[in-house]
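Residue numbers (our numbering), protein chains in the order written: chain V, 1 to 351; chain Z, 1001 to 1613.
Errors might be hidden in some of the hints.
To give a feel for the contact side, a few chain Z residues facing chain V, derived at Cβ under 8 angstroms [what the hints assert, rightly or not]:
(1) M1258
(2) T1264
(3) K1266
(4) D1276
(5) I1285
(6) L1312
(7) D1406
(8) K1410
(9) G1446
(10) H1448
(11) E1450
(12) M1478
Computed cross-link-like contacts, DSS-like style, restricted to lysine-lysine with a CA-CA straight-line distance of at most 25 angstroms [said to hold, decoys possible]:
(13) Z:K1451 with V:K6
(14) Z:K1503 with Z:K1415
(15) Z:K1483 with Z:K1570
(16) Z:K1266 with V:K326
To give an idea of the chain Z side of the interface with chain V (calculated C-beta under 10 angstroms), a few residues [what the hints assert, rightly or not]:
(17) T1222
(18) F1348
(19) K1451
Simulated from the structure, these hints should not be mistaken for laboratory data.
We treat Cβ as the ideally placed atom computed from N, Cα and C, and that holds for glycine.
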Amino acid sequence: MSYIVKPRFHHPGLQKNDLGYTRRDYEGTLTTLCGGCGHDSISAAIIHAVHDMSLAPHQVAKVSGIGCSSKIPAYFLERSHGFNSVHGRMPSIATGANLANRELYYLGISGDGDTASIGLGQFCHIVRRRINMLYMVANNGTYGLTKGQLSATADLGSKTKSGEESQYDNIDLVSLAIDLGASFVARSFSGDKDQLVPLIQAGLSHRGFAFIDVISPCVTFNNTPFSAHGYKNTWENNVVLSEIDFVPMRKEITARYSAGKEKEITLHDGSVIHLHKTSASYDPYDRENALHHVNEYKKQGKIATGLLYINQSQSDLHELNDTVNKPFNRLNEHDLCPGGDVLQDINETFM
Amino acid sequence: MSKRKSARTSKRLSGVNNFVVKFANVNGSGSASANNLFAKSIFRMGIPVSPHNIFPSNIQGLPTWYEVRVNDKGYLGRRDGVDLMVAVNEQTIVRDIESVLPGGYVLYDSSKALRPLRKDVNFLPIPLKEICLREFEHPGQRQLFQNIVYVGALAAFLSIDFEILTSMVSQQFRGKEKLILPNVHALELGYHYANDNFDCPLPIRLKPSRKAKGKILMDGNTAIGLGCVYGGATIASWYPLTPSTSVVDAFGKFCKRMRIDPGTGKTKFSIVQAEDELAAIGIAIGAGWNGARAFTASSGPGVSLMQEFLGLAYFAEVPVVLFNIQRVGPSTGMPTRTQQGDLLTCAFASHGDTRHILLFPSTPKECFEFAAGSFDIADRLQTPVIVMSDLELGMNDHICDPLEWDDARKYDRGKVLGAEELEEIEDYGRYADVDGDGIPWRTYPGAHPEKGSYFTRGSSHDVMAAYTEDGDVYAEVMDRLAKKFAGSLKYLPRPEIESEGNKRGMIYFGTTASAIPEVHDKLARQGIMLDTMRIRSFPFHEEVARFIDEHELVYVIEQNRDAQLKSLLKIECNATDEKMHSILSYNGVVTSADCIESAILADLSEMSKLASA
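Next up, chain V with everything else stripped away, as it sits in the complex (with noise of 0.2 angstroms):
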């Protein structure tokens, strides 16, 4: 949507990753959404995270629906793969994309609306399905292109800016998620990149599903005093319930961490994430005592955030089909047609 074209200016003290590729080279075209849209952190998070771990962007596919969180992809690695599909339905195209080349990683970006609404069953679904790959929900809780009606996330009581009120309870994705056997499950805020970056890089390690809900506020129609999804609100209400720190593949870990309320995780790629949890009864390892964590934080009025559970014994959906290493999308008919011999052998047992 952008009619001004961004400048590209290199600054030559930029720092380049292993790749020898600067933040720029992760950017995307210049945003169009509202000045101040939490949407806008995420994309920083996203280029900051994706550069930091060397990850190449061409090795990226990004995937979202329809809405203002949708549209972001334009606004970050323009050398990746972008497919802006239809209103709920990413996790179809996701699904499908994933199983054609196992070999990307697969980025969701979706909204409440396009998540919790229109396209709650195909969440629910991808979910099930275990793909591999990083879904995030920018949560701002209002339908922002639409001009502000309330969402399925929106906190019963919260207050739009027109002064709507949402008379029903909320539909908590983080909740649902874990529920539905989601392997990697957090929550974050747009305005806290120092917790968002890490829970980035190790949802795009971890193999499997990985879900991230950012709260992400709407400054045009959804960021009174009392709306839930404001900043106020979740500046207010925040509760860490862990908080981690990511060290890529290949980094040398320097720092050592204590026993007990540390953890040490390594992921499938080799990455590592240090999780330091903030209370002694939280287990993120175990999905009864996380739903409890959040949902206790939730009658509270508060808000858990930090990375809230992982499983890493969960195959994703190409090892559930054990299905070739080499991606679909390079097997030729060498590799997928039976020939004419076998058809005339099928042939005789229908005659």
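Chain Z: place on chain V using the hints.
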């Protein structure tokens, strides 16, 4: 034992290799496999046969029929009227007996007395239940083998080669040898009972032939599943829906045999049973975007749900193949009955100016060929291809020539730029018409570290795939898509035309084809000569308009209420109602030669009345 002459008073229909046998059963009673055994044994004798399943949308307990036409001339369309009825469903027996032609035969279970309902048909009473109660211990077998007993009796009545039957049973239960003996015993029980109690064979009977030798007997959905394997499909995503379900079942069955990597035992296919048809086509589109060949199979209600995604694939130019095994609509309609009712909705599926490639197979062989070829067409044109089969073709066995595959054939993956080609290109534009044929070049995700990426979107875009609200830029893209579509003809199967320079012709497609040779011959015998054209794809080749132009009058024969093919011909070929008369049928069973013949005769006599008035 003295033989009973069946109903000596009435006349007895006669004929060799030319009759219709209909089975009236209760669904879920195991009759389907027995009836298949009957039809296939006739086929194995080299005799042309066409079976039709007329079944309810139900698991157990409702009436179901199986109709088998035997015709030595090779007329394989449905024929009205029944020569021999196997009436073993008490719920429908009165109506079933009514439908038998005068002089025909009724085989029924005489374990329970039957009030003679007609005097002009010949009854063949066999105590099926009693025989099975006496001979078998297991309650399941006592029920199931009643069907096998009547097949054995039919072997005596109609002179089926008994050895063919027993060898088929042995084949069917290979690996479950314990089942072979009781099945053969049941066949023999029926066979001997008929021979001992009636004059066998009946005046209608079979004689080995060579007409069907070298042919195969296959259903269209199996052929499509196999065609997808040969065409290189790796991903099938679907939602169960009659009558399309067996497409994916067949694909899975063949993949398990032919798509396992011999070295590693790993699979070269994925089948996803999706949560609904929206997801089913979304998965196929996601895979197509990422360079794998993918398809979904569905029917009317599912195709309705897929419309938004079809528009996306058309506009964003993503290859995808959809098999529409049409059934009776609108809405839930008659889920287990056949219709050609989705032409218009598929030709223009989705909002805005969209149109789609349609292929119309008529035989299992064409199902195989069109399925395999549809992936080449979709890749070449970067657009959805919808293969329009129907329940009649998909779920019934049909005789056709054996399937063929040329081992020299290479997949046409269309215009795809790889890393090396991208290296040479300065400004890659996803939607740039560099070749002037309306088909742009695409890239797969991950192709090159710095070049070739683009942002696929259903929103309006320019040649670089960037969002635009510039109306002129939008219109240019729409015009290019129209150009691409117009240029698609050279990749599509041409119509089959049989022309003897007659004044009048018939236009038809799909399963109507089974009735046409018979219609043509029947009318020719009455001095009414008609040329024929079978349409095999949409958009239409230039021959289609020419065929209409070159004839004074064409009959457009199709199986729907609203003359959907005729509407398409009017839109695309500038043809008028004056030139095109519709012959329509939409009662859920495939049209028959009788039905088409009488409609054409009625129309001709109407026209001559008008001319003389």
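The hints, checked one at a time:
{"no.": "1", "hint": "M1258", "result": "holds (4 angstroms)"}
{"no.": "2", "hint": "T1264", "result": "holds (7 angstroms)"}
{"no.": "3", "hint": "K1266", "result": "holds (4 angstroms)"}
{"no.": "4", "hint": "D1276", "result": "holds (7 angstroms)"}
{"no.": "5", "hint": "I1285", "result": "holds (6 angstroms)"}
{"no.": "6", "hint": "L1312", "result": "holds (5 angstroms)"}
{"no.": "7", "hint": "D1406", "result": "holds (7 angstroms)"}
{"no.": "8", "hint": "K1410", "result": "holds (6 angstroms)"}
{"no.": "9", "hint": "G1446", "result": "holds (5 angstroms)"}
{"no.": "10", "hint": "H1448", "result": "holds (6 angstroms)"}
{"no.": "11", "hint": "E1450", "result": "holds (6 angstroms)"}
{"no.": "12", "hint": "M1478", "result": "violated (19 angstroms)"}
{"no.": "13", "hint": "Z:K1451 with V:K6", "result": "holds (18 angstroms)"}
{"no.": "14", "hint": "Z:K1503 with Z:K1415", "result": "violated (44 angstroms)"}
{"no.": "15", "hint": "Z:K1483 with Z:K1570", "result": "holds (20 angstroms)"}
{"no.": "16", "hint": "Z:K1266 with V:K326", "result": "holds (10 angstroms)"}
{"no.": "17", "hint": "T1222", "result": "holds (8 angstroms)"}
{"no.": "18", "hint": "F1348", "result": "violated (18 angstroms)"}
{"no.": "19", "hint": "K1451", "result": "holds (8 angstroms)"}
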